[in-house]
Structure formats: structure tokens, C-alpha cells
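If you read the sequences in order, they're chains L, W, B and Y. Position one of the first sequence corresponds to residue 1 (our numbering), numbered consecutively onward. Position one of the second sequence corresponds to residue 1 (our numbering), numbered consecutively onward. Position one of the third sequence corresponds to residue 1 (our numbering), numbered consecutively onward. Position one of the fourth sequence corresponds to residue 1 (our numbering), numbered consecutively onward.
By construction, these hints were calculated from the structure, which means they are not laboratory data. These numbers were taken from a predicted model, which means no experiment stands behind them. Positions of the beta carbon are idealized from the N, C-alpha and C atoms, including for glycine. It cannot be assumed that every hint is accurate.
[Stated by the list, open to error] Far from chain L, by Cβ distances over 10 Å, these chain B residues were calculated:
1) E147
2) G149
3) K200
4) E209
5) D268
6) H308
7) G314
8) E315
[What the hints assert, rightly or not] Ranges of calculated distance between the beta carbons of each label pair, as one might list FRET restraints:
9) B:E97 <-> L:R40: 31 to 37 Å
10) L:E315 <-> B:D73: 22 to 28 Å
11) B:N270 <-> Y:D73: 40 to 46 Å
[To be verified] List of simulated lysine-lysine pairs, DSS-like, C-alpha gap at most 30 Å:
12) W:K75 <-> Y:K312
13) W:K254 <-> L:K201
14) W:K213 <-> W:K75
15) L:K66 <-> B:K49
Number of protein chains: 4
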Amino acid sequence: MAGSTYGELFRITTWGESHGEALGVVVDGCPAGITIDEDRLNEYMARRKPGQNKYSTPRKESDRVKILSGVFDGKTTGTPISMVTFNENQRSSDYSEIASYYRPGHADYTFDSKYGFRDYRGGGRSSGRETLARVAAGYIAGCLLNELGITVTAYTKSIGPVQIDYDRFNEADIMNSPVYMPDLTASAEAETYLEDMITKKDSAGGVVECVVKGLPAGIGDPVFDKLDAGIAKAVMSIGAVKGVEIGDGFAVAKTSGSVNNDSFTCEDGNVRKLTNHSGGVLGGISDGSDFIFRAAFKPTPSIASTQHTVNKSGEDIDIEIKGRHDPVIVPRAVVVVESMAAVTIADMLLKGMTATIDGVKRFYR
Amino acid sequence: MAGSTYGELFRITTWGESHGEALGVVVDGCPAGITIDEDRLNEYMARRKPGQNKYSTPRKESDRVKILSGVFDGKTTGTPISMVTFNENQRSSDYSEIASYYRPGHADYTFDSKYGFRDYRGGGRSSGRETLARVAAGYIAGCLLNELGITVTAYTKSIGPVQIDYDRFNEADIMNSPVYMPDLTASAEAETYLEDMITKKDSAGGVVECVVKGLPAGIGDPVFDKLDAGIAKAVMSIGAVKGVEIGDGFAVAKTSGSVNNDSFTCEDGNVRKLTNHSGGVLGGISDGSDFIFRAAFKPTPSIASTQHTVNKSGEDIDIEIKGRHDPVIVPRAVVVVESMAAVTIADMLLKGMTATIDGVKRFYR
Amino acid sequence: MAGSTYGELFRITTWGESHGEALGVVVDGCPAGITIDEDRLNEYMARRKPGQNKYSTPRKESDRVKILSGVFDGKTTGTPISMVTFNENQRSSDYSEIASYYRPGHADYTFDSKYGFRDYRGGGRSSGRETLARVAAGYIAGCLLNELGITVTAYTKSIGPVQIDYDRFNEADIMNSPVYMPDLTASAEAETYLEDMITKKDSAGGVVECVVKGLPAGIGDPVFDKLDAGIAKAVMSIGAVKGVEIGDGFAVAKTSGSVNNDSFTCEDGNVRKLTNHSGGVLGGISDGSDFIFRAAFKPTPSIASTQHTVNKSGEDIDIEIKGRHDPVIVPRAVVVVESMAAVTIADMLLKGMTATIDGVKRFYR
Amino acid sequence: MAGSTYGELFRITTWGESHGEALGVVVDGCPAGITIDEDRLNEYMARRKPGQNKYSTPRKESDRVKILSGVFDGKTTGTPISMVTFNENQRSSDYSEIASYYRPGHADYTFDSKYGFRDYRGGGRSSGRETLARVAAGYIAGCLLNELGITVTAYTKSIGPVQIDYDRFNEADIMNSPVYMPDLTASAEAETYLEDMITKKDSAGGVVECVVKGLPAGIGDPVFDKLDAGIAKAVMSIGAVKGVEIGDGFAVAKTSGSVNNDSFTCEDGNVRKLTNHSGGVLGGISDGSDFIFRAAFKPTPSIASTQHTVNKSGEDIDIEIKGRHDPVIVPRAVVVVESMAAVTIADMLLKGMTATIDGVKRFYR
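Using the sequences provided together with the hints, build the complete structure.
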């Protein structure tokens, strides 16, 4: 029931409903001495902000995140970092109708089943707005990782049938693409596809890919707390994610061992892999290669076309969901994936420090 | 670092190395009064046993699991259930060579990176034999679920390029197929494919699918401890799994909202869905439909053909792994997937009991 | 390091420094449907407020706690309840001097040892003001317990050498005593003692006692998560507590088994105890009697008289701590003890619901 | 309900009933490379063994503990260490009568209340024999601590009215005293007292004191996971403990701040305290002084004299508990206290490593 805390040593606790007073997160366990800047935090937050282009909802949300504790003289103190953003634009009247029925593809029915009633305003706790807290936490985790030479980079791999071409891959273009694709040709095609979906009052899904660089070998624990198992939970916990895969992912089911095994080699005294089908993890522990994973997002469930459902009186009805909604979740979700990865890896890194006495020293210069 | 415990209320802790004295599991938190039979436990265990047919390794392992605590007069007492199996067939000499190098696709290198050294005998803690403890725990969880009318059924969906045809799906055939496929035609094709892999000294991957029936709506928590997030971690924590998907999974990335949304309807006063693209979960909470997920397994990394790697002295070498190994992991992994699902759902069910005050009050009548 | 979260099913996470922007708490896992009133919350908070009488510091703190999430239409929704109070009266200049040295009896030195630096303003995270968040959480827990017929009542048992006389015990007088003693005669004596301490620029300690009524038998778990073990941690985690005891407590060390054992008897078909030396717990599980425990508080470490210490440059110095401070912590700590007990019992109650299969089945009717 | 796991990074899980097949513990999270010797483990275990002298029960228990996993070539591998001892002397017939009634001072009634039934043989899970698993885990924790220069030493401070005199304190005498007192004069007096109790068919309580030396400043977390709070839970979770106190403990309630505050001074560039009323902890974090705490044990509840109670049919009856029982728990509990302290401190040390980047290096030479 208490499902709003994630992580053990680097631990985040989120709270808040879409149209309540505020949303926020408490980040506990961040080591002391990490430099944190509230303005940069808000620049990072802007990546999930709505209303940035025509593929994201025009609702205005100020979303300024304020740090209320745990940072002193510009550095983390080792005590909990509380961050909050107040909801300024909530107009509950917009949402009064949805109190009476269960929207297909949403959590209205399951919340009522679980709790007996729900905060129906804008999706309440199950709104995508909940991810705001994850991203604020992800920023803090990212600051810690960056000080250790680790970077986490997510981007859109595909939207509907449009997929990036790795021959055109350019990391710098991620921020130049309105849909965060590192391939501007695919990005333009995706835009065309989304225009079509808007016209049809329909929505699209897609895939987010994430690459972690600089992760030393030895992170993640055997058995249940594997690095990839942790990532799988972290990423699957993002609303609308229906699949997670590591390295070659589902494709490994059709390949053979002789192709899939990555050979080791020694370069300048360091063990390296000649290929990276594994996506940087072996036996649940990082192997020193790039750690790579993907998440599949379903199409936005809120669509403008007519849908069939039931109301709370048990009557079958047809509904049309009013208001404008993102025709695709993926672009705004990119930074959410990045954030959940950063939090997960920060937590595992801190745990990894205790694996060997010798190993402790390895992670800190 | 302490990564051998899984679950919060229904909590399992596993231990043991492939070629150590014994392996085992402690199941803590199982409610009192559940009927447990040691013989049936061992019948369940037999599903992951090696040496059952030509696609599994002929090594003999006795694998008799003994219950050492927590069961009295045939029923669980509410205290920890300790189960153990002693290793009778370990011949460390078989494995002495692998101490000196890092097998591709295995965790040899990552264990050394993490801990400074490793128990190299038969894979030690990262051996597939570790799953024995998961299956023993899964049996206990399954007994609890069955008393509540919930069943968990896993089977092989595909091996290499061979996939079951749902038109021929027959649950009863799962146990009649040497590769646990509910489609005997596909099963025969898979056998032919595996023969070919054996001839080529290569190995195959595949996909396991799992269906949970009887799960009431309302199980799973919003945000981080979603039902699907829990399953994603549980299943990704099984060695060799590289992808997990729920319901339509990765396919949702290419579909549209109008197709993917499941309409609700009312039948005999009960809310039902007309389709089940969601795989039984909305907003991380069970929706009362069948809960369906899949896991992608990589090909067995131990193959007989020559592979390139490095030894512990940092020299590039070519190796041939001796001994016979399963040409495919999938069939023996079916019951492991089923077990991890059962444990996860048992834990979430117990947590779900505390979601409403109504449930609380009932406890005191 | 992440030590600001307490509880598993009923889980609280606190944050905030004495002189930062704000302090708060997130209560996760409270069942849905509990009536919560923000005004009553603030009445409860008033019991730990400073400046209520001459034995508490005259610093003004507004301490209005606001509920930001998790309550809808006056009832808990089952999602996290975030509560916050903004610091309005922080004057950092008051505290600039203490940045340079280590106050005896305070955590200045240990924070610097752990984190390398500290937020020195008013004690930062180690300030008694941190307990504000505990009390807000305790109010929510108390509302849950009250709906189940359980009450938690703490009071001052002694201040310095002045102890209540149980022959004069009157629960109603707790709120009539400026030091929260249920014996107004002792209360007057304690006031005289405190006047003397103020004159001497010194401070006093004392003992808080707490009684939980209405707790059914069967709460708490064997072995590590015993009811009394949980309370011991919860109460010892309150700043300035140096001892915790259950029932007859330390006195049992000198008694004999024939005296200390509580005989059982049967009254109207119910099992009862003829005495309650155990304080309501046997084998770590509640026995249906009143659950009784005590906490010993040390004298306020901030005293006005001259003290010896070292500064951050490693020089031995004499200091006089400026500002006015409570001559005794105990009266304001009473509600903190009550709150930690309420949170602990709420958590254990929710866990207790899953102890028997009978309870499980009830969930599904 | 799942209450048999303790610790987060250094985590122990115990299992087993007094008269079941076996008892054991899984120690997960111990760093790799610690030297472990099974013979020394069993020497350590011998300190809680029954039948060593006339004040402990003459029942023979072999209690040989065997290590089944996690140790390879004499060193910990970083994976779970499973230890087990088989029960060889269980004679269930000795205990058949107690199935029918509730022994005063025991957990018979509370187990039945919680679980609906219980394993009544020899106390089942609530037997003092459960501590065997704690001691085995404590040995492992102690090995880790010793490699870091930390020692944990417990001893008997008092039995009934007989207390050690610190002027005669001699640590070396602990092992020379049949009741583990570091004062042989007091030890002899305690023996006389116990003889008297045996004659009277009665039993005695007492106090165990524990001193931890070599603990660096900075261990323990602010707020809930304070060093002293962790110890309080760990020690109160030992059966028969009714009180825990740190440093001056309950005596602080009657002293004054000017006396109780420990002044800091600087010696050879190191910060030291002139006194140690705090018992080595300030604000929940170790201050570099000896960490000192005490636990009060109740008299053995099993006494030979007639007692009043009820049977399971609800009838009031008089009983006489057969068999011989320890007239005092304290001497055998000394090593249990030491073990729980070692486990707690090992866990906190590993957590403390993550508190600051700088701090990580501090704990390992």
C-alpha cells in the first residue's frame, strides 16, 4: 500500500495529485557535498513540461520546483532534500464529468476497486503529472552520478511506425528534435505521423532508449537485486510503459548463443567486450560496457474520438473525452526514463560501495 | 549488496552456490494455516530438474527439497519456512579450468569485478541452479494463492524462430510437451530446431508467457510498487532474461490509442473489459482481467563451439567449454517464471489487504 | 544514510531543517477512508509548540501545518499525505556563532564527522524542531487507531526528582498541568524545581510514560519485529531519549519469576491477565492488556552557564550559549512519544492483518 | 508478519523452531574477503550453550553450527552465508502437556491469538533457542568488525540484587566467571543468590552491559535510524528484555544539564570528550567515544513452583512446569546481546560508508 517510496540508500518518496495543492518529492540518502543548483533543476524539469509544442498539451503548468531542505550553501548536506511545486492552474470544473465513469485505458476503475473512491480531478495520483516528482529526484541523482563521471542519456527511438536510423544517430540532435529523436529525418517523419493521429482524434505509442556511460564494472547485486531487475522495475513503474528490455532485449529469443555471447578481450590492460549484445550487464552486474535499455510506451489513453465504457451506476455508455491531450506520451517521457535510471543507478552505486572492502575505494577518486 | 531477499510481507531469502554444500530458501511471512505437502513440493520442483530429456543437461542432481521449519501438523505456522537441498553430485574437478578465464555471456568477470574473487565452481552463486530456491518458494506462494482461487500458469511461447499458434493452444498439452509448449505441433518443430542447434554446438533462446487467473481488481500500488513493475523486477531478476512485457507489450508502441484502449462493459452487475490489451493491469493495479506477461530468454551462454575471451592474466585466448549443457534454457525456466510470479502476487495480495479501512475493520470482528 | 523514513506499511518520511524554508512529512500507506481534519491536526500540533508557558522557549513559531495531498473530501484517499509547515521566524544571525564550535550534548560534532559540514542554523536537521513532522504523522496514525477503538495516551511521569503519585493519577489533569503531569500536586512541585533550574542556568531531565488501550492480542511479530522492539526503536529515535522500558522495565532485573509472571484467568469467556508486569506484550506480541512503556529524556543540552568545548580550529574554549532555551524537554516531548507510538502501532496493525489465512479470505468477500 | 529479517545492508534472516528439524540463519550482505573459521564460530556459539554449569539447563544440545554457503577458501564471497544446526535432542513428549494451556510469562497465548495455533513443542519459534541463529550471525558480524578494529564486549552487570563493582572490574574475568561477570567477588555472590532461587523453585533477572570500542565518529543516521535507536530495537527484540538504556540511561532523567553534558577537548589534534555520559552517541551518531548500553532481562518465566493460568478450554487451572530450566537467563544472554550489537553496528557501518564521498575512505585503511 505504501508504494510511493523507491530506492534503499538513495531513496525517493513522491506525493501529490494532479489537481491537489502541490506535488513533491523527498530525496533521502544523497551523500553530502554534491553541488545543486535550483535554476538548473528547473531547466531539467522543463524537458517534461507540457505546452512546449503542438504534440504536448497546451495546458499551462508553472511547474517551478522549489528546494525546501537538504541543500545548504549550494551543496547537499546529507539530509533529506524536499522539493515541491504548487499547482496553480487546476480547474476542477474541467474534470467533473469524469468522476462519473471509467475512462478506458486509465486507472479510474482500478483506483475505485482498490480504495473505494478516488480523487477524480485530472487523474489524481495516477495522472502523468506524478512524474514531475520523479524528474526532480532524477536531477539530484544525475548531479551525484555526474560527479562520479557517469552520464545517463535517454531519447526517443520510435513513435508509432517511425524509428530512428542509427546511421544518422547524432546525440546533439536530441535537443533539436521536438520529439527528442537523435535523428532529425526520423523526427520529421514522426511529426507527420503525429499530425495524422491528431486529425484522426487518435494517439500514438513509441519506444524510449536510454544509454548509461561511465558505469564501472561491479554495480548491481546477484539474484534479486540485479542492475537490470532494478531498472526493469523503475521503468515499468512509469505510467503507460508496457515493456522493458536490456541490450538486445526480445531479439535474443530468436538468436543463437554463438552470436549473442560477447567475447572478452584485453586492451591496454583493461578487460573489454568486442560486442555489447548484453547491454552492459552480465549476471545482473554491470560489465563496464555502456548500459543500454528500452521502454515501450502505449498510446495516450485520452483520445478525442468516441469510446465505449461504463459509468459508476453500472450502465454502458459512450463517451467523448473533452480537453486537449498529448497525441503521444513518449517525448515528455524521455526525461522521466532518464530520471528513473539515474535514481536506480545512484542507489545501486551506493550499495555497490559495500561489496568489498577493496571495492569501496574503487568508486571514489 | 544484500540482494538475496525478495518481497516485503511475503518475503523470500535464498542462498547457496551451485557446487557448495547446499542451496535453500527461507520463506517468511506466509500466513498461518496453509496446507503444505513436501511430496507435492518435490513434484513441483521436478519441473526445473535437469536431465529430463535430451534438451536438458544429463547431469544428475537429486534436488530433493526438505522442509526444516515453519510447517507443523501439515500446515504453515506463520513463522519462517526453511527449505534446503543438499548438493550430492558436485565434482569440482569438472570446473577447475573455468577458474582461470572469463566465459563469454557468464557472470565470471562481473563477479570478480565486484567481489575481487569468486566461487568459480559451476558458476557459484550465478549458476542457474540458484533458481531451485526460487521454485521452492514459488510452491509455497502457489499454495497460498490456490487457497484464494488464484492460479498462475506459465508455458513456452517460442524457442528460436518457432512460436506457438494460439489457434492450437491447449493448456493441457503444456505438460505433454518436452519443451512445455501448449501446442504440440510447435513443440515438435521446436525439437527439430534444438536438434539442429546441438549439431551446430550452438544454443537457442525463447520466450516464456505467463497467465494469472482469478486475481481480483485492486492489487498493486500506484506509483513505484505497481503490479507490473513488481513483476518486471521479479522476472528480470531471473538469469538470462533480457526483456519483460505486459499484455500487448512492445507491440503497443506501434498501435494507436483507439485500438489499444480496452472498453469497459457491465455484465451481470460486474464491470468487465471487452478486450485485454492491457494484460490485466491499469495504472499499476489489477483490473480483474487475466494478468498476462512474457519474458525473453537469451540463448544458453555455455556452448561447445570455440569462443574468444581473456584469462585472469589478461591474455586473449580461445576456449572450448567442456561438459554438456542445455541447448536452451527456456523449458526449465518456465516453472521459475511461474514461481517468481506467484511470490510477487502473494506479496502484493497481502499488501493489498491494508488498502482500505473497510478491510482493517474486518480484521477485528 | 537514508534514515528519514520509518515504518513499512504505514510509512512516514520526514524532512526539513530547523531554520530552512520549511519542515514536513509524507505519510504513505494510510488506508483510504479515514476522516482527517486540518484544524484538529493543528490543535494536536499545539501540544509540542514552544512558547506556551515559562518552561518552554519564548521563540514564536507559527507551526501551522497544511495538508497538501492525500486527503480528498475530508477523507484519506490511500495515497501519500504530505504535510508541511513553513519556517517564518528563522533569524540565522542568532545562530552564526555556533557554526564555529561544538556545543556539548549536541550533534554538532557528530554531524561534522559524518558529513564533513553541517547546516548549523538552529541545529539544522538535529534540532528538536524535527519532531514537528513526527507529531503531524502521529496525528494521522491516531485518527486511524481511533477508528479501530485504540487510544494512545502519553504524559510526564517525572521531572528531575519529582515523580507523579499513582494514587493521585487523574488522566483528565494531563491537559491541566503545564508540564502534562496527571497529578497536579506533583506538577506544582515540578514547576518549583524547574524555577530553580532556570535560576541556576541549568536544565532538567525526566520520564514520559505512555499507555495504549484497546490493542487486540496478536499484534507484533516474533523475533526481530516484536511490538516492544519496534517501540524501542521508535522512541529511542526521539532526540534526547537515553532509555526505553516496557511494563515493569528495569525493575524486572531485581524481581523474581514468581512475582513477575502474570497469571492468566478467564473472564466471561475471555482470557485476561491478573496483573500486567509484562506491560501488555509477551514474546513480542500484544497480549490484550494495556501496552505500557516509558522513555527517559536527558536534560536540555543548551544551558546558559559556561561550558568547556573545542572550536573547529581545534582550540579548547569556554562558551556561553545565548538565547533562551527550554529548561526541560519533557513536557513538549510528551506528544512526540505519543505520536511515535501511534505510528508504530498503526504500522504493526496493518502488518498484523496478514498473519492468518482467515484474515486473507475475509478480504475477498 | 515477515519479522525474521534484520538489517538492511548487513542483513540476517533467521528460521527454525526449538524442536523442529533444525534452526539456522542466512547472513546476506557481508563484504567479500572476510576470513571465517567454522571452528572458531563454534567456540563462539559455546557461550550461549546450555548445560555448561548448574545455572543453565542440563538438556544436551549439540548445537554444532555448519556453514553451508557464502564462504570459499576460508573467506566470505559476498554472497549469502547460510548456517544451520540440526536439532538432535528433541523429545516432543516432554512438551505435550503445555500444548493444552498458556504458561504465564510465555508467548503461548499471544501466538495462539495471532496465528490461530502454534508449534507448542518447547516454545517453538518463541523459544530462547531461537537466539542460536542470532549468535551465529553475530560471529560473522564480529569478524567483519574486528578487521576494522572494532570490538564488542558484553558481560553481566547484575543478577537480581547483586551488581558488579566497577572498582573491581576486570575484563579478563568475564570468561572466568560462571555468570560472565567481570568482577569475581560479585560473581560469587550472584552464585549464592541463584542457589537460593533454585531452592525456592523461583528465578532471577539481571542486567547485561555492552561496550563497543574502536567505533569511529559518524556512524548512525539522524532522525529514525539513529545508532542508539537501532541498538534499542536489536536488543529489545531479544526475548525477555524489558528495557534498554544508552550511556547514563534512565539516570539522566534525574540529573542536570550542567552535569550530563560531556565537554569536548582537543588532544593531539583529535577531538575527545572529557566524560562519556552520552555513552558514545550524540544526535544518534557515534561520537568516537566508547559506545555503551545496557539491557534489563526479566526472570526466567519457566519456574517449578505452582502457577495459576487458563487452559485452551477457557478453564482456570493451577500448573507446575516440569523439566529443569535455567534459574536465570542473563549469563547465556550475554553473547546474544553482543551478537545483536555486532550485527547492528556492521549494518550501520556499511550504511555509514555512503554518507559522504570523503567519508567513504575514512572507514577503511
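Results for each hint:
1. Its beta-carbon lying about 14 Å from the closest one in chain L, B:E147 satisfies the requirement of being farther than 10 Å from that chain.
2. With a least CB separation of 21 Å from chain L, B:G149 remains clear of the 10 Å interface cut-off, as annotated.
3. Against chain L, the non-interface label of B:K200 holds: every CB pair exceeds 10 Å, the least being about 34 Å.
4. With a closest Cβ-Cβ approach of about 30 Å to chain L, B:E209 is found to remain outside the 10 Å limit, as its non-interface label requires.
5. Non-interface call for B:D268 relative to chain L: holds, since the shortest CB-CB distance, roughly 35 Å, exceeds 10 Å.
6. The Cβ of B:H308 sits about 28 Å from the closest Cβ of chain L, beyond the 10 Å cut-off, so the non-interface label holds.
7. No Cβ of chain L comes within 10 Å of the Cβ of B:G314; the nearest lies about 21 Å off, and the non-interface call holds.
8. Distance check on B:E315: its Cβ is at least 23 Å (rounded) from any Cβ of chain L, clearing the 10 Å threshold; non-interface status holds.
9. For B:E97 and L:R40, the hinted distance range of 31 to 37 Å is satisfied, since their beta carbons lie about 33 Å from each other.
10. Here the CB-CB span from L:E315 to B:D73 is close to 24 Å, well matched to the stated 22 to 28 Å.
11. Taking the beta carbon of each, B:N270 and Y:D73 are about 59 Å apart, not inside 40 to 46 Å as hinted.
12. In summary, the hint linking W:K75 to Y:K312 is supported, as the alpha carbons are separated by about 20 Å, within the 30 Å threshold.
13. For a cut-off of 30 Å, the pair hint linking W:K254 to L:K201 stands: about 16 Å separates their Cα positions.
14. Note on W:K213 and W:K75: the hinted pairing holds, with a Cα-Cα distance of about 25 Å set against a maximum of 30 Å.
15. Using a Cα cut-off of 30 Å, the hinted pair L:K66 and B:K49 holds, with the two alpha carbons roughly 27 Å apart.
Of the numbered hints stated above, the single one contradicted by the structure is hint 11.
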